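S.K.: Given next are the chains, with one letter for each unit.
Protein chains: 2
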Amino acid sequence: MATYFSKRNLQFLLHEVFDAEQLTQYEYFSDHDKETFNMVLDSVTHIADTHMFPYLKEVDRNQPELIDGQVKVHAKIKEYLKEMGDAGLIGAGFSYEHGGQQVPLLVSSCIGFILMAANNGMMYTGLSSGAAHLITSFGSEELQKTYVENMLSGKWQGTMALTEPQAGSSLSDVMTTATPQEDGTYKIRGQKIFITAGDHDAVDNIIHLLLARIDGAPKGTKGISLFVVPKYRLDGTPNDVTSTGIYHKLGQKGVPAMHLTYGEEDECIGYLVGQPHMGLPYMFQMMNDARIGVGMTGAAIATAAYYSALQYAKERPQSRRLNQKNALDSPQTPIINHPDVRRMLLFQKAVTEGALSLLLETARLFDLSHVTEGEEKENYNLLLEILTPMAKTYPSEMGLQATSQSLQTFGGYGFTEDFPVEQYYRDIRITPIYEGTTGIQAQDLLGRKMTMKGGKAAQLLFAEISKTIAEANTYDELKPYGDRMKVELKQAQEVMMTLMPHAMSDVERYLSDATLFLEMMGNIVVGWQWLKQATVATRTLLTQNPQGDELAFYEGKLHTMKYFFHYEIPKNLGLAARLKDTEVLTIVSEKELAL
Amino acid sequence: MATYFSKRNLQFLLHEVFDAEQLTQYEYFSDHDKETFNMVLDSVTHIADTHMFPYLKEVDRNQPELIDGQVKVHAKIKEYLKEMGDAGLIGAGFSYEHGGQQVPLLVSSCIGFILMAANNGMMYTGLSSGAAHLITSFGSEELQKTYVENMLSGKWQGTMALTEPQAGSSLSDVMTTATPQEDGTYKIRGQKIFITAGDHDAVDNIIHLLLARIDGAPKGTKGISLFVVPKYRLDGTPNDVTSTGIYHKLGQKGVPAMHLTYGEEDECIGYLVGQPHMGLPYMFQMMNDARIGVGMTGAAIATAAYYSALQYAKERPQSRRLNQKNALDSPQTPIINHPDVRRMLLFQKAVTEGALSLLLETARLFDLSHVTEGEEKENYNLLLEILTPMAKTYPSEMGLQATSQSLQTFGGYGFTEDFPVEQYYRDIRITPIYEGTTGIQAQDLLGRKMTMKGGKAAQLLFAEISKTIAEANTYDELKPYGDRMKVELKQAQEVMMTLMPHAMSDVERYLSDATLFLEMMGNIVVGWQWLKQATVATRTLLTQNPQGDELAFYEGKLHTMKYFFHYEIPKNLGLAARLKDTEVLTIVSEKELAL
Chain E
1 MATYFSKRNL QFLLHEVFDA EQLTQYEYFS DHDKETFNMV LDSVTHIADT HMFPYLKEVD
61 RNQPELIDGQ VKVHAKIKEY LKEMGDAGLI GAGFSYEHGG QQVPLLVSSC IGFILMAANN
121 GMMYTGLSSG AAHLITSFGS EELQKTYVEN MLSGKWQGTM ALTEPQAGSS LSDVMTTATP
181 QEDGTYKIRG QKIFITAGDH DAVDNIIHLL LARIDGAPKG TKGISLFVVP KYRLDGTPND
241 VTSTGIYHKL GQKGVPAMHL TYGEEDECIG YLVGQPHMGL PYMFQMMNDA RIGVGMTGAA
301 IATAAYYSAL QYAKERPQSR RLNQKNALDS PQTPIINHPD VRRMLLFQKA VTEGALSLLL
361 ETARLFDLSH VTEGEEKENY NLLLEILTPM AKTYPSEMGL QATSQSLQTF GGYGFTEDFP
421 VEQYYRDIRI TPIYEGTTGI QAQDLLGRKM TMKGGKAAQL LFAEISKTIA EANTYDELKP
481 YGDRMKVELK QAQEVMMTLM PHAMSDVERY LSDATLFLEM MGNIVVGWQW LKQATVATRT
541 LLTQNPQGDE LAFYEGKLHT MKYFFHYEIP KNLGLAARLK DTEVLTIVSE KELAL
Chain L
1001 MATYFSKRNL QFLLHEVFDA EQLTQYEYFS DHDKETFNMV LDSVTHIADT HMFPYLKEVD
1061 RNQPELIDGQ VKVHAKIKEY LKEMGDAGLI GAGFSYEHGG QQVPLLVSSC IGFILMAANN
1121 GMMYTGLSSG AAHLITSFGS EELQKTYVEN MLSGKWQGTM ALTEPQAGSS LSDVMTTATP
1181 QEDGTYKIRG QKIFITAGDH DAVDNIIHLL LARIDGAPKG TKGISLFVVP KYRLDGTPND
1241 VTSTGIYHKL GQKGVPAMHL TYGEEDECIG YLVGQPHMGL PYMFQMMNDA RIGVGMTGAA
1301 IATAAYYSAL QYAKERPQSR RLNQKNALDS PQTPIINHPD VRRMLLFQKA VTEGALSLLL
1361 ETARLFDLSH VTEGEEKENY NLLLEILTPM AKTYPSEMGL QATSQSLQTF GGYGFTEDFP
1421 VEQYYRDIRI TPIYEGTTGI QAQDLLGRKM TMKGGKAAQL LFAEISKTIA EANTYDELKP
1481 YGDRMKVELK QAQEVMMTLM PHAMSDVERY LSDATLFLEM MGNIVVGWQW LKQATVATRT
1541 LLTQNPQGDE LAFYEGKLHT MKYFFHYEIP KNLGLAARLK DTEVLTIVSE KELAL
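Residue numbers (our numbering), protein chains in the order written: chain E, 1 to 595; chain L, 1001 to 1595.
Quick caveat, the hints were computed from the structure, so don't treat them as lab data.
All figures in this text were calculated on a predicted structure; none of them were measured in a lab.
Where is the CB? At the ideal position from N, CA and C, for every residue including glycine.
Treat the hints with care, as some may be off.
Examples of chain E residues toward chain L, derived with CB under 7 Å [said to hold, decoys possible]:
#, residue
1, ILE246
2, TYR247
3, GLU315
4, SER319
5, LYS456
6, THR586
Think about it this way: if two alpha-carbon atoms lie no more than 20 Å apart in a straight line, the pair counts; the simulated DMTMM-like pairs of lysine to aspartate or glutamate are [what the hints assert, rightly or not]:
#, chain 1, residue 1, chain 2, residue 2
7, E, LYS571, L, ASP1581
8, L, LYS1325, E, ASP506
9, E, LYS571, L, ASP1329
10, E, LYS219, L, ASP1329
11, L, LYS1222, E, ASP173
Some chain E residues flagged as far from chain L (calculated, every beta-carbon gap over 10 Å) [claimed, not checked]:
#, residue
12, GLY130
13, TYR232
14, TYR271
Next comes chain E alone, as it looks inside the complex (with noise of 0.2 Å):
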C-alpha cells in the first residue's frame, strides 16, 4: 500500500506536541487514554486503507448521476458509511447520551485527516456528524430521538443547506421560506445550490440541515431560523425535495454537490430547530469546528500529495548531481538528490506538518473551550475564535501550492493520469472557496477577531506564540529562530497600527488588503507551530539520544523548521511592506477605473 500519511508524524503531534492524554484529566474525557486514542486512530486508518485509499481513482471517475430524480453513486459509499458507523467512527465526537464515544475534537480532527488523505472524494460522513451536531446542540428532545442515531450510523445521510442562486458568501440574502402551519411544522419554499451529498442511493434517507426565513421574519441575518428538512418524512413518503440537478465538478468527484428544490408542490415539511431567528447564531456556533474540518481536508489532500511525490523522487533517476554533470559513464541520480526537488519536498513537508500541527493546536483549543469554565474558558475560546480562520485559510490555500509543487516533482508525469497527483491538484481547489472563501476568512480575522474584546484574542494569542518562543530560546540552536519570531510579532503590531485607524472610520479601507494580513498572520502562526515542534524535538534529540529512523525523524523536523524560517517566513516582509503601504489601489473611487 503507498503511502498517504505519516503515522509516526500524527503520534508526534497527538502525544509529543499537544499531549492529548492531558485532557483526560477533565471530566469528560476521563474514560480516555492513549491507548483509546490510539485504537480509533488504528481502527480508522483500517477503514482507509481497505475502503477509501484503494477506490481514490475509481470514485473519481465514476461520478455520481442524476437519473430520474434519484442520485446514484458508487456502490463503495454505501460499503464505506457502514463500516464507519459500525465503528462508531461517524459519531466518535459526541457524547455518550447521543451515542458518541467522547473523544476530543483533537483526536476526531485525525480521523478527518486518515479519511480525507486516503480519499477525500468520499467525504460524507463529516457532514452528518456536522448536520447532526446542530440537532444534538439545539433541537428539541424529539428532533434528536427522531434523527441523530441513523444519522451516526451511516443509514442516513445529514447536509448543511446553506446556499442559495443569490446567496453565496451573503447569507444576509437567504430567501427560502419556512411559512407556519397548525401543527408546529413549517412548510418550505425555497433553492438550494451546491448541498453536498445533497442527495443519493447509499443511504436511505437525508436529513437537511437548512436555513429559512420564517414569514414576516425581519431583514437580514437577524430573520433566519434553523431547520430540519428530510427528504423522507418518517412514513416513508416523500416530502417534496426534488433534486433539480447536480453539479459536474472540477474535484472531489465522489461525493454529489447539488442543486435542490424545496416545496415545489407546496409538500415540503420542515421543523424548527431552537427558537425562530437564531439560525444563523446557531450555525456560527458550528462553524469553527466545520472550518477546522475544511482546514483538514486541505492539509490531508496535500499530505497525500506530498507523499506521493516524495515516493517518485526517490525512485526516479534523472541526470546527475549538478557538480557531476559530465560524469556520462556513472547511473542517474534519483531527483530527490537535486536541490530544486529537494526544495520543493521541503516545500510541501513544511507546508502540510505546518498545517496539521495548527489545526490540532486549534481543536485542542475547542476542547478546552468546551470542558473548563469561567475565565479560563473564555480565553480558550478566544484564542479558538482568532485561529480559526487561519487554520481554514493556511492549509487550503498553501496546500494548493504544495500540491501544486507535489505535481511538479513528477515532472511531464504529474500531468498524467498515471498517477494520483492530478486528482490531489483538482480536488483540494475546492477548500479555499467552500465553508467561507479566503476573502471571507479575511474580513473574519481582521474586521471581527482582531478587534473583539478590544484586541483580547490577539493579545491572547501573541502571549501564547511568545510562551513558546520563551521555551525554544533554551535552547541555543533554537534561538535564531525564536528571536526572529519576535521580530514576527513585532511587525504585526506595526501593521495593526497602520490599519486601526481606519477601523471604525472606513471599513472598506480597513479591510481592502484583509487577505494579505489573513497569509502573513498565517505564515507567523504556522511559524510558531514549527518552532513548537522544534522546541519538542531538540528536547528529544537531547534527552533520549534516538537512533536510526527515529534520530532521522527527529533531524527532520529541526531542518524543516529553518526550512520555514529560512524560506517562509521572508514572505512576511513583501506582505507586511504592502500592509504598511499607504497608497490604496482596490477601492472603487468616483473616477471608476475600468477594469
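Dock chain L against the given chain E, drawing on the hints supplied.
M.R.: Coordinates of chain L only, in the frame set by chain E:
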C-alpha cells in the same frame, strides 16, 4: 461571443509600446506595414472566433482516443487545420522561399496568443511550424522540398520527438538509436513519450523531428543527432512508427500526448537533418522561440481566464459594499465593487498584461537578432538569451496563479463545469513543465545566461531597464516607480555578489536556489515592462487627451502598473533576503536528511 482577450491591449503593445512597424525598415520585413500586421491578426481572430473558442468545452470533453493503433481526434481539428493552412497562418513566420509571409515573430507570437487564448486544447499548428522550421533551418534541400509545404498547409502534422521514458529533463540520456544504411538513410529504434500530436487522424501524415544516437556516437549530448521520421513513407507505406499508448491528461485534452515506438519491426527509416551529432545544438537554436511559445500559451490561457472572471465579477451581485453592510433594503452590489475581488482582478490584469508585454519584448529581440549584423546582432542575441527563461517561466508560473485567482473570483461556481475557468486551471498547469521545467529554466538563467560572456547579457539587460527608468523618470507621476526599479536592480546585483563566489567552486551550491532567483528576476523584468507601458500611457494622456473608453484604457494601464509595484514588487524583499541568506538547506549532506 464572450471575450477571451483584449484587441485593444494587443494593439497597444504591438504598435504603441513595441512599434512593430519599425521592423519593416529591415529588408526582410520590408513588404509589411501596420496594416498588413493587423490584417494577419484579424484573419487569425476570425478563425479563433469561428473555429476554436466555440469548441473550447467540446474539444476538452471529447478526448482523442487510440483505437486499433490509430488516434482519432475531434472532427473540428481537421477543419481548423485546413482554415489555418489556407490562410497561410501556420507558416506566417516563414520566408517567402519556404512559402511563408515573412511576418516577424513579434506578430506571429500574437497569432499564437490569440489561438491559445481561444482554445489551447487545439494546439496543433505551433508544433508543425516548429518542426518545419528545423527542416528549413538545417535540413537538405530535398528534405525541405519533400516535407515543408504539406506541414505548413495543415495537411501533415509536425512533432518534436525528444523525451524518452528514462530521459525527461536529461537529454544526455537519450537512447533511441539510428543505424546508418547504405542508401544514406538510417534505421531508427527506440521509444519516445509525451509526443504532443504524435498521432492523429486529422492529417494524412505525421512528421517527427526526432533525437537519436547514431551507432558509435559519443556519450551525452554531444552524440545526439536530429532526424526526420515520417509516419508514412512517400509511397504511402507505413514507416514502422507505432502508437503504443495515449496519455490521459489533466488538461489540454484536445491534443493527444503519445507514447510512440519506432522500429518495432526494424523497418523505421529516418533521414538525418544537417550534420551528425548536431541534434542538440540544432534543437537549442529553436529553443528560444519554442519557449516563447510556451510562455505565450501561459499568458493566453491566463488572459482568457481573466476575461471570464472579469465578466462574472461585473454581473454577479453579492452582498453590499463594506461600508454599507447593513443597508439591507438596497440591492446587492456586483462583486467587482468589493476590494478583495478588485485586488484579485488587478492581480490577474497585472500578471497577464505584464507577461504578454515581456513575451513581445522577447519576440522583438528575436526578430532584431535575425535582421541585424555584427555587434548589434550579438547584443540582441544576448538579450534574447537572457530573457528567454523568464519569458517562458513568468507567464507559466504566475499565469497559473492568476488563473487560480480567476477561479476564486467565481466562488463555488468556479469549481463547477458551468464556467470555462476550471478548464483553464487544468490546461495551464502543463506550462511550467514542458519545454524545460521551471527548475531547468532557473538553471539556464543563473547557471548559463547570467554568467555568459563575462556577464555581458546581464549588463545589457540592466542597461535596457535603466533606459526605461530614465524615460519614465521624466514624468513626475512615474518617478517613484522608476526609482523603485533602480532599487530592485541594485538588490539583484547584491544577490549576484553573494552567489558568484560559488559559481566556479560549487555549482550545486550556486544553483541551489536558482528557482527563487528566476522568480525575483521575473518580477523585475515584468516591472520593467509595466514601467514601459506606463510611460507610453502617461505620454498619451498628456499629449493626446483621450476621452471615454480610451481615457479609461490608459488610466487602467497606469493603475495596473501601480498595482504591480505596490503588490508584486515587494515580494522581491523576501526572495532577495532568502537569496542572500547563507544557510544552505537543500543539498544532501553526509548526514542524509530523511525525507
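S.K.: Now tell me, hint by hint, if it's right for this structure.
M.R.: Hints and how they fare:
no.	hint	verdict
1	ILE246	violated, 10 Å
2	TYR247	holds, 5 Å
3	GLU315	violated, 13 Å
4	SER319	holds, 4 Å
5	LYS456	violated, 23 Å
6	THR586	holds, 4 Å
7	E:LYS571 with L:ASP1581	holds, 14 Å
8	L:LYS1325 with E:ASP506	holds, 12 Å
9	E:LYS571 with L:ASP1329	violated, 42 Å
10	E:LYS219 with L:ASP1329	holds, 8 Å
11	L:LYS1222 with E:ASP173	violated, 68 Å
12	GLY130	holds, 18 Å
13	TYR232	holds, 27 Å
14	TYR271	holds, 27 Å
In summary, the structure is inconsistent with hints 1, 3, 5, 9, 11 from the numbered list given earlier, while agreeing with the others.
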